[in-house]
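Novice: Let chain P serve as the given structure and place chain X on it in line with the hints.
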Amino acid sequence: MTLLKMKFNQQRRVRLAQGLWLMSWLAVTGGAFIFCLGVYLKTELLRRDEVMENAEIHVVPNILMMVGLASMGTNWVASRVCQDSLDVSRFPRWKVPLLAWFAMAALLCCLLLTVVVLSYALQGSLEDSLKVGLRNGIRFYKDTDVPGRCFQKETIDRLQMEFRCCGNNNFKDWFEVQWVSSRYLDFTSQEVKDRIRSNVDGRYLLDGVPFSCCNPASPRPCLQNHLTDSRAHYNYEYQSEELNLYSRGCRQALTDYYMGLMNSTGPGVLSLFSCVQMSVLLSMRYLQTAVEAAIASENPEGESEGYLLDKGVKETYQDVRAKVLGLLKFGQVDPSEDASGAAEGAKTADTEKAATPTPAS
Amino acid sequence: MAVLKVTFTKTKRDKLAQVLWILNWISVVTGAILFSLGIFLKVEINKRGELMAGRDIQYVPNMLIAVGLIACAINFLGGKICYDCVDSTKFLRWKLIMLPYIVCTFFFTFCVLVGALMCYGMHWELEESLDMGLTQAMRFYKDTDTPGRCFLKHTVDMLQIEFQCCGNNGYKDWFQIQWISNRYLDMSKKEVVDRLRSNVEGKYLTDGVPYSCCNINSPRPCIQQQITNNSAHFNYEHQTEELNLWMKGCRQALLESFTHIMRSIGFTVLITWLFELSVLTGVRYLQTSLENVLRQGDPNSDSCGWLLENSLMETARTNMSIIKSLGKSNQINTEYHPTNCRFFYENVSK
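Chains as they are written, first to last, in the UniProt record's numbering: chain P, 1 to 361; chain X, 1 to 350.
If we strip away everything but chain P, and leave its shape as in the complex, we get (with noise of 0.2 Å):
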């Protein structure tokens, strides 16, 4: 019982060759722009490398621009089968590459699928790498002489700006780490001494925080010293003052950054794409069957039938298989030959029995 018959005659035949052809060029735009897409997204975490600890969320944008280039490939492909299926003598070099053709789209199909789950998987380990990342970098802050962190300041000072966010979780982060270099530190005077004293590792800790936190939105100078006491300024409150500086934090801004980006092209872009390859794998199917029909038919420009599987799935499935199991059984003996084989390999091993004891004796 065929899937789906659909009667075919020749102006039909070509219409679908026609509308096919066309639908092909669209895919094949569309996997430039999928591939653009990967560019830029690959982009976009590479700047901000520095402050990432691991590129595990970088195989969301590879697989898009594999996907991007495979696809365009593909799609070329299958606008020239279209131009050659209205000849005959040229059709029929097609019948064996179709079969690739088919289980390369089926496969790229399920790619796209397989990039909008991870899209929305990956937000964990994207997070991770973020908090370690960034830990790293405000505890290499105040390393600007050190060959390999000297470049810290400044990608943390530009990313707090640029992303209006302050420290890890929050602005207190900056309370725990020493970001003022002991290069810039006057160790004869007492306040610095009293500082230094007061923790079990000998930092100079403060409740202040770099110029970076700074909300340009506040009304007032921005306070960056003495947060925690109200006193240390007039009319201040630290527990209500809320303007001062970034409340976000860089983990959490430069997260629901990339998921943006990600959650915003992904399902829309993709479930179009993935709507139009399979449209073009559809199509591609039935002028296969409808042409092939047509040729092996007395009249080549008579009515065809055009089916979407030969069977139904489960016996076209249970085809496959055996099929498959039977390319497998190539590389392993045969079970006829194997009998004598062993009979053989017996006969073998006694003769090599028979000379082994020598040595034990």
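Derived from the structure by calculation, the hints contain no laboratory data.
There is no bait here: all hints are sound.
Just so you have them, the derived chain P footprint on chain X, three or more residues with Cβ under 8 Å:
1) 155-164
2) 177-187
3) 204-216
Over the 10 Å line for every Cβ pair with chain P, so calculated as not near, a few chain X residues:
4) A32
5) I70
6) S88
7) H238
8) H260
9) E314
10) M320
Idealized CB from N, CA, C, for every residue including glycine.
Specialist: Relative to the frame of chain P, chain X by itself:
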């Protein structure tokens, strides 16, 4: 003696008409580009509108927008004319319009040139306008509670961060104005009262700058207060310290940015002007050669095309006399025309 006479065969005329048709359509595109450049410039000037005071420099983008639109219209008409000129019967439709069209386009190209020169000449007015605007903005930096000025703090902070500049000419401009509002000054403290009494106008002046002046390339956490006091900070000398704050003044930074934009736009407009002029020359040659073909009667013959029929001086003289005679046409014509009278009496007697 004609100016720059060129002989045209039929095929050359046809090819000239086709080429001019394409060039006119390209000119429509360049006109659209001029229009969009004018809009871009208008948007850029409006973005910094709060920092520009006094002089109105909106006339430059307005001119560019108008010129762009008119260029689109003129070249669209020119394209239609040239398309019809391939066929000499259709040319008769446009015959009377072509000369006025060419004259109008010639004066229009002057407008394009003026537009280009304005782009380059805007520099000085812009500098004055920015100077006044920045001084005012810095003065009202502290007035975040006054309606109409409450956004100036945010504007100036974002400007200093984005353009990497501080103050009008340099960071010392901040020492001369009170940029901390009285709402945040503890008037009971002796230090505050001393500072207020130290100058005639009673302003709270400090040797400190807002945080947006801080240079992110500095290896050291930013020093914003007591900048001129070397002993206030460890290992600090304010005369040699260059990386702590932004050294450039915001007026200079903004001016550089705008000058760069203006130069690019001016250059594009000049190129457009040259292109328009060459298209106009082609259209003039086409018009004169087609008129000569009509005068000769044979559509397939060779004809001459020129820029001016007589030399420049004679053309100027004839045009002046035409303009003078236009003035005289209002007077009654009292000259004796014997031929007219004879014709009239002959017909009356019949």
